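Engineer: Sequence:
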Amino acid sequence: MRVFYLFILCLLPSLIYSFIIYISAPYKTISFKKGLNYLLGGSAGTVFLLMFLNSFPYWSGISNLFFNPVTDPLEFFHFRNFIEIALLEESLKFSVFLLVTKLNYKKDKDHPIGIMFYACMVSLGFAFIENIIYGINSTNPENVLLWRSITSVIGHMVFGLFMGYWIAVGKLGVRLRNRSLLDIVVLKNLKIRQKFFGGIALISATIIHGMYDLELDINGDKGIVTIYIILITMMLLCFICSIHLNNLYTERNAKKKKTKTKNK
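Those letters in the sequence shown? Residues 2 to 265, per the working numbering, in order.
Hints are computed from structural coordinates only; laboratory data are not their basis.
All values derive from a computational prediction rather than experimental measurement.
Don't take every hint at face value.
[Claimed, not checked] Result set (EDC-like, lysine to aspartate or glutamate): computed pairs, CA atoms no more than 16 Å apart in a straight line:
1. K34 to D111
2. K172 to D214
3. K35 to E85
4. K172 to D109
5. K29 to D109
Construct the complete structure from the given sequences, taking the supplied hints into account.
Structural biologist: Now the structure itself:
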């Protein structure tokens, strides 16, 4: 019975936060059923993370190979939190999102806010399994899971939303229209544009994840106020990003209708 109770405690925050996003999003921009599939994909994706760590056990201490934590503490903490942890985890989530999309929804034309949501669900699936691991290894799992539900789970949600935002921007076909090399060479070509913004998606999620972990690693419980400030700021930015995506999507569709009307 206790195992089931802990399982619910681990899963419940992810479901609550995803439901809040779902009911807050514009009507019919998100499929919650599809979101649950991405959630399951994110949960299953942790198996690949464990396989990677078992195949390359040196990765868990790779920061020690480059920097001495005593003589080079800042370099050590930055490398460990941004590269060793954040880059690895966000690369896994990014790969899982692409894999689930390719296997099940390759031909679907999702609303950009939906793409943000589905990337977020992959992250929440990852957070769910991470909570189980922390709960099992803790002497007081209820207390640990309570704090993680208002910190790390929200953190993973935010990382996923930012990743989804840039993926959606790549699919929308945003152009600068300034005749720059970036606009002509990168943004004009569909495949290159999607890969370019996909790279930005991974980098942005990694940077925010690294900032969160760095504060936690250096200051621990004393940095909880800073953690709250980071999370609240990032959530507000995610909200602004969703509004921007919806506006871009509406403008693009309006231009398409106008073009079709002229052609007729």
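Engineer: So which hints don't hold here, by number, going up?
Structural biologist: The structure conflicts with hints 2, 3, although it agrees with all the remaining ones.
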